[in-house]
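Visitor: Chain by chain, the residues run as shown.
There are 2 protein chains.
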Amino acid sequence: MIYLDNAATTYPKPEVVYEAMLNQMRHSGANPGRSGHKMAIEAGRVIFNTRELLAKLFNINNPMQIIFTSNATESLNLAIKGILKAGDHVITTSMEHNSVLRPIKSLEKINIENTIIQCDEVGFIDSEQIRREIKSNTKLIVMTHASNVTGTLMPIEAVGKIAKEAGIYFLVDAAQTAGVYEIDVKKHNIDLLAIPGHKGLLGPQGVGVLYIRDDLDVMHFKEGGTGSKSEELVQPEMLPDRYESGTPNTPGITGLAKGIEFIDNIGLEKIRKHEEELTQYFIDELKKIDKVTIYGPMDSKKQAAVISINIGEEDSSEIAYILDKVFNIAVRPGLHCAPYAHKTIGSFEQGTVRFSIGYFNTKEDIDASIDAINNICQQL
Amino acid sequence: MIYLDNAATTYPKPEVVYEAMLNQMRHSGANPGRSGHKMAIEAGRVIFNTRELLAKLFNINNPMQIIFTSNATESLNLAIKGILKAGDHVITTSMEHNSVLRPIKSLEKINIENTIIQCDEVGFIDSEQIRREIKSNTKLIVMTHASNVTGTLMPIEAVGKIAKEAGIYFLVDAAQTAGVYEIDVKKHNIDLLAIPGHKGLLGPQGVGVLYIRDDLDVMHFKEGGTGSKSEELVQPEMLPDRYESGTPNTPGITGLAKGIEFIDNIGLEKIRKHEEELTQYFIDELKKIDKVTIYGPMDSKKQAAVISINIGEEDSSEIAYILDKVFNIAVRPGLHCAPYAHKTIGSFEQGTVRFSIGYFNTKEDIDASIDAINNICQQL
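Note that the protein sequences, when read in sequence, are chains C and Z. Plus 13 on top of the position in the first sequence (first one is 1) and you've got our numbering. Plus 13 on top of the position in the second sequence (first one is 1) and you've got our numbering.
It is possible that some hints are incorrect.
If chains are identical, the list can't say which one is meant, so a pair holds when it fits in one copy or spans any two.
Unchecked claim - Restricting the straight-line Cα-Cα distance to at most 25 Å, the calculated cross-link-like pairs of lysine-lysine (DSS-like) are: (1) Lys122 to Lys242; (2) Lys376 to Lys286; (3) Lys122 to Lys51; (4) Lys283 to Lys338; (5) Lys152 to Lys199; (6) Lys242 to Lys286; (7) Lys376 to Lys304.
To be clear, the hints were calculated from the coordinates, so they are not data collected in a lab.
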């Protein structure tokens, strides 16, 4: 099987990820941060180590500002709903995933306004468009770092500056970029950063991350046992405990650490360069096929390793089905949980066939995909 | 190491749990319920299979009423905050964990009243006490099935009847009993059931479960991509999608299935009998040691396999430290995130040393613990 669905979940993971998880469960499978016995302390140490690795990767001063969640969707919900209050205004873009748009739309009923800025037909946004939408009650800008439909890279550095100048919080959805692109919370003026563990960071499914800048009051939505201040019936205010009630996903967090270590060893730049090369090669070959429509920037410097296409007017699910059944190539068709992005690029009814490349893909995978697409085009 | 901290997390898990997780990650590590390719379909199938196993174990008609969360704490928060609205009244007990008490106390600020019923000094509650506290605005009764401090079993069947008669919802916290004791949502009139995956069900950390009875409107607190109705900007109403936004913990849910299958193979009754025998033996031996105070019912028919003790006036953390360092026995000291339970049994300042037994413990583990406690008593 040729796996080109890395924007959903990267596969495979480095072998060390699987091994570390197994080892943790077999040899230190206790509850971290509660009991004080050796296995519990070891489990707690592993979790703190992961926080430190994340802090280093994203240039975060204090590892305790890093919250573990179950996925990036939970991180985004926590950040958006924890910051905004009745009467506030939030700005976002038409290229966002439903994990941003649905929470923001749901807040309309408690009188939180939103502006969804229309991006152009390849998903670009001009940061000045955002500046123009800032109002006196604007409290937050939420923006993805790269579209999960077209890969389009968004100008986070420019928007971070605008947010800082205006005294507005800036939340970045790094679902498609963490572990591949440089993200520096200081340089990019990021106040809140939502990260999946199971995509570019090469960890297992079941772990997400939210970075919360120091001194930022984000309301929590779960209370419970934290292993701290157990005598009190109110949730402790200190981080990360305030947001991490109940037993964490210790095996998952252990695996995530190994994913990040793997990235550190290879180097972000080398990973990105590999993905860029395959992306550009794929785009260049796709351009040679008449019946193929390519969406997005069509430039690997302007997009993450996500390439959406259609073949004529064919249903995207049908094409993906053939790719899987006949050619053993795994892609994702449809709307990718981002309906406004498809409206923006003009593919709302048809959806697109999305190929998403990961570090473990090769030129041969791309060649096989091109051959398959050519073959399908000839059959139609 | 002798592991007697099973009330925090059971350890070890059956070998098949580790193997299935590894196999899932290595061979079908895709994103379930999204893309339609073979690995994605296999991942989705595994998750549905786990729902079916849970439905069978708890006598739930429709597997789609089973929601996966990250832990039982999330399940309890979702149930409590999703059901209660301003002006409502909720009844609970003094033996609850902070994962029940903290959410309930936090709701006072939005005008949701609570009554915390005082249990007796071994943690017992008379179900009639609950009936007497029902008011016209009482909407929910929340009760643990067994205390995590003393193991005290609570009368869920009697309370379920009372709730049903009064037209009140009944939420059971099965953190200490699922996978060991019979829990039948129909027979026990349970409307909402919160379950950890990593305790009695023998799955890995990182998965919790909430059963929501059909036709019960529980407000969700996360929105996002669900793989369903992607074209809409409102969260779909159908279960389980309404509550399961974002990528699930597929490896964890895979492991949980194997834990439940292991339980099905052994049989609940055999597991319970084994734990009861060790519990009674431990209690009987503890009674012979002068300096030891035993909390709770001291009767394995009236308590789950959780035994809290103190040695004279000694600090519980100090005793647990010696058990770990000198005797290589893992227990949990302190308040166990249940401060009212400790106030109820009279150990609030000192905390207790908690021994919690799992299916993999043996008579030898109990003998070693008794020897260690005797030894410590002689040294003091």
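Visitor: For each hint, tell me whether it holds in the structure or not.
Guide: Hint check results:
In the homo-oligomer, the alpha carbons of lysine 122 and lysine 242 lie at most 25 Å apart only across protomers (21 Å), although the nearest pairing inside one protomer, at 35 Å, exceeds that limit. In the homo-oligomer, the alpha carbons of lysine 376 and lysine 286 lie at most 25 Å apart inside one protomer (13 Å), although the nearest pairing across protomers, at 59 Å, exceeds that limit. Neither within a single protomer nor between protomers do lysine 122 and lysine 51 lie at most 25 Å apart by alpha-carbon distance, with minima of 49 Å and 40 Å respectively. Neither within a single protomer nor between protomers do lysine 283 and lysine 338 lie at most 25 Å apart by alpha-carbon distance, with minima of 33 Å and 46 Å respectively.
Taking the shortest alpha-carbon separations for lysine 152 and lysine 199, only the intra-copy value of 19 Å comes in at or below 25 Å, while the best inter-copy value is 48 Å. In the homo-oligomer, the alpha carbons of lysine 242 and lysine 286 never lie at most 25 Å apart, since the shortest distance is 47 Å inside one protomer and 36 Å across protomers. Only within a single protomer do lysine 376 and lysine 304 lie at most 25 Å apart by alpha-carbon distance; the minimum there is 22 Å, versus 72 Å between protomers.
The earlier numbered hints that this structure contradicts are 3, 4, 6.
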